[in-house]
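Peer 1: Sequence:
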Amino acid sequence: MNKNLLPAGDTYFPAGKCSPSISLLSSAGVYTVSQQAEQKGAVEGLEELHREYPEVVALAAKLSSGGQLSGYDILTLREVAEAMGWDGDDAADELKNLAANPSERVEKYVELFQKYYSEAHRLLERGDYTQAAEK
1 MNKNLLPAGD TYFPAGKCSP SISLLSSAGV YTVSQQAEQK GAVEGLEELH REYPEVVALA
61 AKLSSGGQLS GYDILTLREV AEAMGWDGDD AADELKNLAA NPSERVEKYV ELFQKYYSEA
121 HRLLERGDYT QAAEK
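Throughout the sequence shown, residue numbering follows this note's numbering, covering 1 to 135 in sequence.
Keep in mind that the hints were calculated from the coordinates and are not lab data. It is possible that part of the hints are untrue.
As a list, the in silico DSS-like pairs of lysine-lysine whose alpha-carbon atoms are at most 25 Å apart [to be verified]:
| hint | residue 1 | residue 2 |
| --- | --- | --- |
| 1 | Lys108 | Lys135 |
| 2 | Lys115 | Lys135 |
| 3 | Lys96 | Lys135 |
| 4 | Lys96 | Lys108 |
| 5 | Lys115 | Lys96 |
Using C-beta positions, here's what the derived DEER-type ranges look like [stated by the list, open to error]:
| hint | residue 1 | residue 2 | range |
| --- | --- | --- | --- |
| 6 | Glu104 | Glu55 | 21 to 29 Å |
| 7 | Glu48 | Asp93 | 17 to 25 Å |
| 8 | Glu107 | Gln131 | 20 to 28 Å |
Even for Gly, the Cβ is constructed at its ideal location relative to N, Cα and C.
All chains should be modelled from the sequences, with the hints used to inform the complete structure.
Peer 2: Rendered as structure tokens:
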């Protein structure tokens with residue numbers, strides 16, 4: 001793959017010749033993940049994520065655009081949530097905001113930390129060390 005091209009499903013756009021966004025083509029239509037991130041490396045991070053896990057970026061685009069989720073999308077969301085150790089709603093919210101500048105989501109990250117830290121303590125008190133460690 002030519003490193004001067006940005007992926008968009010089976011279509012490629014010249015790097016630097018388009019607005020900073022990633023468009024995804026799927027059987028359900030075209031989804032665009034907008035890049036409004038001011039943080040250096042955010043676009044490159046999404047490009048890497050798209051190369052490694054295109055189904056996750058496509059799911060993020062559907063979630064952020066309010067698109068209808070297929071059965072495959074729901075399974076992907078469950079798998080992502082499980083890998084993150086988060087519940088489905090928190091994982092979906094994070095995917096919806098995949099292109100957001102992380103510094104703009106500090107309050108949300110503090111809230112998530114407190115939620116999962118409290119849950120880990122609760123599990124620890126019950127003696128479920130494995131689950132507590134995963135939180």
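Peer 1: For every hint, state whether the structure bears it out.
Peer 2: Results for each hint:
For the proposed pair Lys108 and Lys135, the alpha carbon gap of about 17 Å is at most 25 Å, so the pair holds. Among the hinted pairs, Lys115 with Lys135 is consistent with the structure: their alpha-carbon atoms are about 10 Å apart, no more than 25 Å. Between Lys96 and Lys135 the alpha-carbon distance is near 22 Å, which keeps this suggested pair within the 25 Å criterion. As the CA atoms of Lys96 and Lys108 are separated by approximately 13 Å, the hinted pair is consistent with the 25 Å bound.
This hinted pair checks out: Lys115 and Lys96 have alpha carbons roughly 19 Å apart, not beyond 25 Å. Range check, Glu104 to Glu55: about 26 Å between beta-carbon atoms, so the 21 to 29 Å window is met. A C-beta distance of roughly 22 Å is found between Glu48 and Asp93, which places it inside the suggested range of 17 to 25 Å. At roughly 26 Å, the beta carbons of Glu107 and Gln131 sit within the given window of 20 to 28 Å.
In summary, this structure violates none of the numbered hints.
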